[in-house]
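Put together the whole structure using the sequences plus the hints.
Protein chains in written order, with this note's numbering: chain D, 147 to 364; chain C, 147 to 364.
Incorrect hints may appear among the rest.
Identical chains share a label here; the pair holds if one copy fits it or two copies do between them.
What the hints assert, rightly or not - When the alpha-carbon atoms are kept at most 25 Å apart in a straight line, the in silico SDA-like pairs for lysine to any residue are as follows: (1) K198 x Y155; (2) K358 x H171; (3) K315 x T203; (4) K328 x Y155; (5) K253 x D341; (6) K152 x E295; (7) K233 x L357; (8) K253 x I288; (9) K330 x G317; (10) K330 x P281; (11) K284 x S308; (12) K328 x H171; (13) K152 x Q195.
Calculated from the structure, these hints are not laboratory results.
Now for the letters of each chain:
Number of protein chains: 2
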Amino acid sequence: MTNKQKVSYAPSIRRLPSYLNIIRHAQSNGDQFISGTVIANELNLEPIQVRKDLAITGIIGKPKKGYPVNDLVLAIERYLGWNVEHKAVVVGAGNLGSALSGYQEFKNHGLNIIAAFDTDPSKVGSTVHGVPIYPLEKLEEIIPELQAEIAILTVPSPFASSTCDSIVKAGIKSIWNFTNIKLKVPANIIVWREDLSSGYAMLAVMMKIALKNETAEL
Amino acid sequence: MTNKQKVSYAPSIRRLPSYLNIIRHAQSNGDQFISGTVIANELNLEPIQVRKDLAITGIIGKPKKGYPVNDLVLAIERYLGWNVEHKAVVVGAGNLGSALSGYQEFKNHGLNIIAAFDTDPSKVGSTVHGVPIYPLEKLEEIIPELQAEIAILTVPSPFASSTCDSIVKAGIKSIWNFTNIKLKVPANIIVWREDLSSGYAMLAVMMKIALKNETAEL
DNA sequence: TAGATTGTTAATCGATTAACAATC
DNA sequence: TAGATTGTTAATCGATTAACAATC
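Structural data, given as structure tokens:
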């Protein structure tokens, strides 16, 4: 009934991709080991936090040397489920949807975008970044054929709820929601909402505080 | 020296934009009051959390009725600094940069994107969603002329550091960083990093857990 | 060896949730 | 009035940070 999927270690999980970036860098440098201290410095974090976060992946470090780079990359990818490929579709091939279709980074994370859907007849039949665009009305027909597991929802917010219902009917198990609408879905459907506005809220508040401090100094 | 701008109530701040959406909806419905309970139900949150969050804006509710809608909208906007307009530029008019340039939602938040910069000569001189594109090399010259305060950084990550340096030289005070690079900036520069990968990390982990529970039921 | 770095256990900090009197 | 909803104060929960022995 409740679809509050509380995930343990959520803050740690959200930091792991940043660690992975740095560790992959070290890997391409040919480094065998990388220490938590080095990762922490790179990201302005505390070394103890990095060690605690890495501990959840099950990897064991060597005192004095750090963590074995190759093992660490694999352990993080395994922990994040990024070693498994997931087929995804973009629903709403507007500005944001098109951008995400072409986001190369996702390929490294096992996220494979294989189709997009849009209502615009002039887009249907063409491709964005190599991804074919299908008519939105045929979504419930095509998604099962493609065996897509993930829907990336980037329709304008007035259409979010109804489109979401179609997606669920089509058998999608997991929705990455870029609209500012809270979706109502059955309990077994996974939803992660990406909220760009909340990022701007943080930025704007920090600017307000900075301005206050500035004028206070006069 | 340290640019760890710790903001109090960060989790509350990040939830406020969602509340604002719902409250504006109520406002356009002509509602005079909205209760924390209603907001909470809409977002699958606890009413006490909504009340606590709204308390930081300084607004006072009426027992039995809830919060006055018009006052609440203004109070949240004021608290978030969204009542102040900020001029912004997009640096890197690729897929994501173009998408953000056309993101209408931002206008409602006082974020006014007035220019974009790119290295691609075929883009320079044209516009994206009405936003003029300038050559990236002229960034340090043009930004001061435009009196932009915010840079939205959407260049490919190999160029993030050097571009960031130019941005800082140009006098930008605040950077919304969409690259996966941790930027090195002077202490007085505000940075908020938006990390799309961390969202996918959460989604992928939730999918892994769901799969585990499923197979456990057999 | 000496010392940087680890993993573990405990302490602190902050955020969420609970309890409840006040009130329109 | 009765009861839904508020704001406040306290309790709980979870995340971060500190301390430190173990070790390569």
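Against the structure, the hints:
For a Cα distance limit of 25 Å, the shortest separation of K198 from Y155 qualifies both inside one copy, at 10 Å, and across copies, at 24 Å. Proximity of K358 to H171 under the C-alpha cut-off of 25 Å is found in neither arrangement, the shortest distances being 39 Å within a copy and 31 Å between copies. Proximity of K315 and T203 under a CA criterion of 25 Å is satisfied in neither setting, with 35 Å inside one chain copy and 40 Å between copies. Taking the closest pair of Cα atoms, K328 and Y155 come within 25 Å of each other both inside a single copy (23 Å) and across two copies (22 Å).
Proximity of K253 and D341 under a CA criterion of 25 Å is satisfied in both settings, with 22 Å inside one chain copy and 16 Å between copies. Taking CA atoms no more than 25 Å apart as the test, K152 paired with E295 passes inside one copy only; the shortest distance there is 21 Å, against 38 Å between copies. Taking the shortest Cα distances, K233 and L357 sit within 25 Å of each other only across copies (15 Å), while inside one copy they are farther apart (46 Å). For the homomeric pair K253 and I288, the shortest alpha-carbon distance inside one copy (22 Å) is at most 25 Å, but the shortest distance between copies (36 Å) is not.
Taking the shortest Cα distances, K330 and G317 sit within 25 Å of each other inside one copy (15 Å), while across copies they are farther apart (44 Å). Proximity of K330 and P281 under a CA criterion of 25 Å is satisfied intra-copy only: 23 Å inside one chain copy versus 44 Å between copies. For the homomeric pair K284 and S308, the shortest alpha-carbon distance inside one copy (14 Å) is at most 25 Å, but the shortest distance between copies (45 Å) is not. Proximity of K328 and H171 under a CA criterion of 25 Å is satisfied inter-copy only: 13 Å between copies versus 37 Å inside one chain copy.
For the identical chains of this complex, K152 and Q195 are neighbours both inside a copy (21 Å) and across copies (16 Å), given an alpha-carbon limit of 25 Å.
Of the numbered hints stated above, those contradicted by the structure are hints 2 and 3, listed in ascending order.
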